[in-house]
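Participant: The task is simple: from the sequences and hints, build the whole structure.
Each chain is listed here by its residues.
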Amino acid sequence: MSETTLFKVALALYACALAIYLIYQFIYQFRGKEKLGLAGWSAALLGLLSHTAALIHRTVASGHAPFTNMYESLSFLAWACLAAYLVIDRAFKIPRAGFLFLIVVLALMLLANSPLMPKEITPLVPALQSYWLWLHVSITLLGEAFFAVAFITSLMYLAAASREKKGGQPSGLSAEKLDAISYRCVAVGFPLFTLGGLVLGMVWAYKAWGTYWSWDPKEVWSLITWFIFALYLHTRLVMGWKGKRSAVIVIIGFLLALFTYFGVNYLLAGLHSYA
Amino acid sequence: MIQSILRFLSSVKLAITLIIIIVVVSVLGTLIPQERSVGEYYGRYGGLATLLMRLQLTNLYHSAWYIALLALLTLNTVTCTLTRLSPKLRKTFRPRLEAEAKTLLAVKDSGSLKMNSNLEVTAAAVRQALAGRRYKARQRAEGGGIIIFGRKKVLGWFGSDIVHLGLLVILAGTLISSLTGFRAFLKLEKGKAQAVPRAGFEVRLDRFDTDYYPDRHNVKDWKSRLTVIEAGRDVRSEVIEVNRPLAHRGFVLYQSSYVQEIKSSLLVLEVLSSAPPERAQTVSLRPGQSVALDKTGLTLSLLRFEPNFVRDNGGLISSRSEELNNPAAQVTLSRAGENLVSGWVFARFPEFSMTHGSKASDTKVIFRDIQPGISPDFSIIEAAQDKGVPLIWVGCGLLMAGLCIAFYWPTREVRFLLEGKKDKTVVTAAALGSKNREALSSEFIGLWKALKDQT
Numbered sequence: 001m002s003e004t005t006l007f008k009v010a011l012a013l014y015a016c017a018l019a020i021y022l023i024y025q026f027i028y029q030f031r032g033k034e035k036l037g038l039a040g041w042s043a044a045l046l047g048l049l050s051h052t053a054a055l056i057h058r059t060v061a062s063g064h065a066p067f068t069n070m071y072e073s074l075s076f077l078a079w080a081c082l083a084a085y086l087v088i089d090r091a092f093k094i095p096r097a098g099f100l101f102l103i104v105v106l107a108l109m110l111l112a113n114s115p116l117m118p119k120e121i122t123p124l125v126p127a128l129q130s131y132w133l134w135l136h137v138s139i140t141l142l143g144e145a146f147f148a149v150a151f152i153t154s155l156m157y158l159a160a161a162s163r164e165k166k167g168g169q170p171s172g173l174s175a176e177k178l179d180a181i182s183y184r185c186v187a188v189g190f191p192l193f194t195l196g197g198l199v200l201g202m203v204w205a206y207k208a209w210g211t212y213w214s215w216d217p218k219e220v221w222s223l224i225t226w227f228i229f230a231l232y233l234h235t236r237l238v239m240g241w242k243g244k245r246s247a248v249i250v251i252i253g254f255l256l257a258l259f260t261y262f263g264v265n266y267l268l269a270g271l272h273s274y275a
Numbered sequence: 276m277i278q279s280i281l282r283f284l285s286s287v288k289l290a291i292t293l294i295i296i297i298v299v300v301s302v303l304g305t306l307i308p309q310e311r312s313v314g315e316y317y318g319r320y321g322g323l324a325t326l327l328m329r330l331q332l333t334n335l336y337h338s339a340w341y342i343a344l345l346a347l348l349t350l351n352t353v354t355c356t357l358t359r360l361s362p363k364l365r366k367t368f369r370p371r372l373e374a375e376a377k378t379l380l381a382v383k384d385s386g387s388l389k390m391n392s393n394l395e396v397t398a399a400a401v402r403q404a405l406a407g408r409r410y411k412a413r414q415r416a417e418g419g420g421i422i423i424f425g426r427k428k429v430l431g432w433f434g435s436d437i438v439h440l441g442l443l444v445i446l447a448g449t450l451i452s453s454l455t456g457f458r459a460f461l462k463l464e465k466g467k468a469q470a471v472p473r474a475g476f477e478v479r480l481d482r483f484d485t486d487y488y489p490d491r492h493n494v495k496d497w498k499s500r501l502t503v504i505e506a507g508r509d510v511r512s513e514v515i516e517v518n519r520p521l522a523h524r525g526f527v528l529y530q531s532s533y534v535q536e537i538k539s540s541l542l543v544l545e546v547l548s549s550a551p552p553e554r555a556q557t558v559s560l561r562p563g564q565s566v567a568l569d570k571t572g573l574t575l576s577l578l579r580f581e582p583n584f585v586r587d588n589g590g591l592i593s594s595r596s597e598e599l600n601n602p603a604a605q606v607t608l609s610r611a612g613e614n615l616v617s618g619w620v621f622a623r624f625p626e627f628s629m630t631h632g633s634k635a636s637d638t639k640v641i642f643r644d645i646q647p648g649i650s651p652d653f654s655i656i657e658a659a660q661d662k663g664v665p666l667i668w669v670g671c672g673l674l675m676a677g678l679c680i681a682f683y684w685p686t687r688e689v690r691f692l693l694e695g696k697k698d699k700t701v702v703t704a705a706a707l708g709s710k711n712r713e714a715l716s717s718e719f720i721g722l723w724k725a726l727k728d729q730t
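Chains A and B are the protein sequences, given in the same order. Our numbering applies: residue 1 is where the first sequence begins, and numbers increase by one. Our numbering applies: residue 276 is where the second sequence begins, and numbers increase by one.
The hints are simulated quantities; they were obtained by calculation from the structure and are not laboratory data. Being a predicted model, the structure only gives us computed values, none of them experimental. Misleading hints may appear alongside valid ones.
Below 30 Å or equal to it, Euclidean Cα-Cα: the simulated BS3-like pairs (lysine-lysine) are [to be verified]:
1. Lys662(B) <-> Lys207(A)
2. Lys218(A) <-> Lys498(B)
3. Lys244(A) <-> Lys710(B)
4. Lys724(B) <-> Lys93(A)
Going by beta-carbon spacing under 10 Å, a handful of chain A positions derived as facing chain B [to be verified]:
5. Met202
6. Val203
7. Asp216
8. Phe227
9. Met239
10. Leu268
By construction, the Cβ of each residue, glycine as well, lies at the ideal position given by its N, Cα and C atoms.
Facilitator: Structural data, given as structure tokens:
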């Protein structure tokens with residue numbers, strides 16, 4: 001099968017998973033609900049497998065890492081986000097986050113698939129021909145994927161907290177549990193982002209440009225994102241902030257990470273203008 | 276007074292305020308293009324430009340006040356870490372073994388149990404249960420009872436300190452880099468050697484190759500073969516390319532760029548003779564070269580090449596730019612020292628020429644092509660010396676190790692209070708740990724069960 005076919009199969013399976021999760025969330029409220037959640041998870045996993053095949057196909061065809069232009073990196077980010085969600089769901093059982101998550105993943109996939117993103121394989125410029133490309137980009141995006149899970153669970157926290165405040169019953173997941181899950185996601189995402197985005201970025205910059213830090217907009221925005229999550233950890237672990245304020249910081253942090261990834265390329269020129 | 280300054284400097288609130296300020300101004304620095312010319316700022320911001328430049332927002336990251344903010348955050352990190360370190364060290368190495376049943380039972384994972392053994396035997400059982408789960412136990416007799424603290428992964432308490440230490444080492448590295456770092460760009464010509472400034476050795480460019488992808492348009496690689504010369508002797512030869520620098524005696528040489536002197540391109544010219552016998556001959560040559568044409572006794576000379584030909588009102592000829600917008604070649608066609616044709620021919624306009632010379636009006640020179648894929652003439656090599664770099668990598672290592680310890684090596688502590696009642700003992704215990712409570716809970720339950728089984 002060609003890369004496009006595999007990509008479209010993945011897209012269709014993700015849409016199926018979204019439909020199942022929507023039914024799970026809003027329609028079906030009877031016995032056997034857990035099985036429905038598992039069906040959604042399985043459809044998403046099948047989609048992920050097809051997506052993985054598409055990424056491998058592209059890597060083989062192009063001979064370089066599958067994240068050297070916007071189409072490739074959006075596709076890879078969608079892949080990483082879904083992989084992160086599937087892992088977190090196995091660990092903490094959050095099928096209620098499923099439909100929100102698949103909306104994010106599908107949005108990334110559709111954006112990647114849109115005519116705005118050129119899909120043809122382009123030869124790699126000399127600066128990107130390095131194994132550091134694999135390490136730097138994949139680990140950074142994986143870290144950002146865990147930030148995305150933290151973002152969704154924080155949004156769910158805010159909804160659950162306001163529902164509980166009004167005296168509503170916690171449906172499925174309590175606000176407290178969501179708060180804890182969100183922290184656990186940051187606990188995975190933050191070290192990954194630090195390693196991929198900052199440390200390996202510096203190592204590669206030193207090898208390729210002769211200087212480990214150049215105050216390039218992408219570097220500055222990565223540092224800003226890193227600072228916000230550091231702020232989150234300090235307020236939470238030292239000052240004991242939890243709940244609403246923590247959730248708001250995670251949401252801001254994720255939006256900054258998104259801007260670092262996406263906005264900087266289109267709005268600010270700099271050394272990282274490859275995509 | 277000093278105390279209150281210290282308290283201010285070591286507060287987490289200061290850290291948070293500073294982080295927020297640094298984040299906001301850093302955003303400004305990415306929105307305003309940095310280190311451009313004064314003219315560009317006036318063109319872009321008008322009257323506002325003066326203000327921006329006075330506030331150093333146009334070179335923010337090297338401005339005194341931005342560096343002062345970073346320095347203050349550093350000072351804050353140092354004092355904050357140090358003031359928290361000494362109680363932590365005391366807690367680690369000389370803990371005060373104190374416990375009250377009431378406070379222990381207030382903890383989430385806690386319990387109380389009556390055992391049918393005397394105090395000493397129970398204490399031994401507790402220590403054994405702790406040792407079975409790799410806890411290190413400390414014991415103290417108090418009043419009529421015994422207090423036991425079991426601990427493991429004590430390093431976990433210091434994860435954040437290791438992270439902070441890593442950050443400080445990185446900052447020390449950047450300080451050394453900015454104070455002693457040195458970089459220079461060398462424009463190396465093929466076959467020629469140049470001294471690397473301050474380095475005490477020379478480098479010679481032996482070869483400079485440009486590899487193209489099969490489409491012949493996109494560059495795949497630039498490779499410079501460099502030879503290091505020390506005191507007139509060739510020491511080592513290596514090929515460097517982007518992402519593969521050469522390190523020698525503390526200096527690192529990078530493939531940075533190249534210069535293609537477009538004016539020395541290889542041009543394809545055709546000499547057409549319309550008088551019988553009709554003949555056409557194609558030759559390739561560079562500016563300054565001449566070539567004798569077969570059998571005709573003619574010599575074609577290429578005097579000059581302008582990639583973007585323009586002639587001003589005074590008749591002065593030049594190039595408007597280095598782009599190939601209107602490539603023009605100045606040629607002469609001569610026989611036995613006598614010029615038959617001389618003047619300018621144009622690649623874009625083969626029918627048009629600015630030539631004179633009547634004697635051979637049946638002979639024409641046509642500018643056919645500019646040879647593609649010629650390799651550049653100069654390789655730009657960046658030579659850098661940066662003594663801060665090793666510290667940066669040490670700091671990064673500490674940073675990552677600290678993060679892993681802080682998140683995934685949580686210290687666990689189980690406190691026991693044993694109170695003897697004749698030949699029976701009441702055991703009260705609580706498990707303490709701030710991170711990963713679920714794992715701690717299950718471990719506590721296991722520990723508790725092991726003790727219960729002995730009753």
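Participant: Decide, hint by hint, whether the structure agrees.
Facilitator: Going down the list of hints, with the structure as the test:
Between the alpha carbons of Lys662(B) and Lys207(A) the distance comes to roughly 15 Å, so the proposed pair stays at or under 30 Å and holds. A hinted pair counts as satisfied when its Cα atoms are at most 30 Å apart, and Lys218(A) with Lys498(B) qualifies at roughly 28 Å. Between the alpha carbons of Lys244(A) and Lys710(B) the distance comes to roughly 20 Å, so the proposed pair stays at or under 30 Å and holds. Under the criterion of a C-alpha separation no larger than 30 Å, the hint pairing Lys724(B) with Lys93(A) is consistent with the structure, at around 28 Å.
Of the supplied interface hints, the one on Met202(A) holds, with its beta-carbon coming within about 7 Å of a beta-carbon of chain B, less than 10 Å. With a cut of 10 Å, the hint placing Val203(A) at the interface with chain B holds, because the nearest CB-to-CB distance is about 8 Å. Checking Asp216(A) against chain B by beta carbon gives a least distance of about 9 Å; that is within 10 Å, so the hint holds. Proximity of Phe227(A) to chain B holds as hinted, the smallest CB-CB distance being about 5 Å (cut-off 10 Å).
Interface restraint check for Met239(A): the shortest CB-CB distance to chain B comes to about 6 Å, inside 10 Å, so the restraint holds. Contact between Leu268(A) and chain B, as hinted, is supported at the beta carbon level, the nearest pair being about 6 Å apart and thus within 10 Å.
Comparing the model with each numbered hint stated earlier shows that all of them hold.
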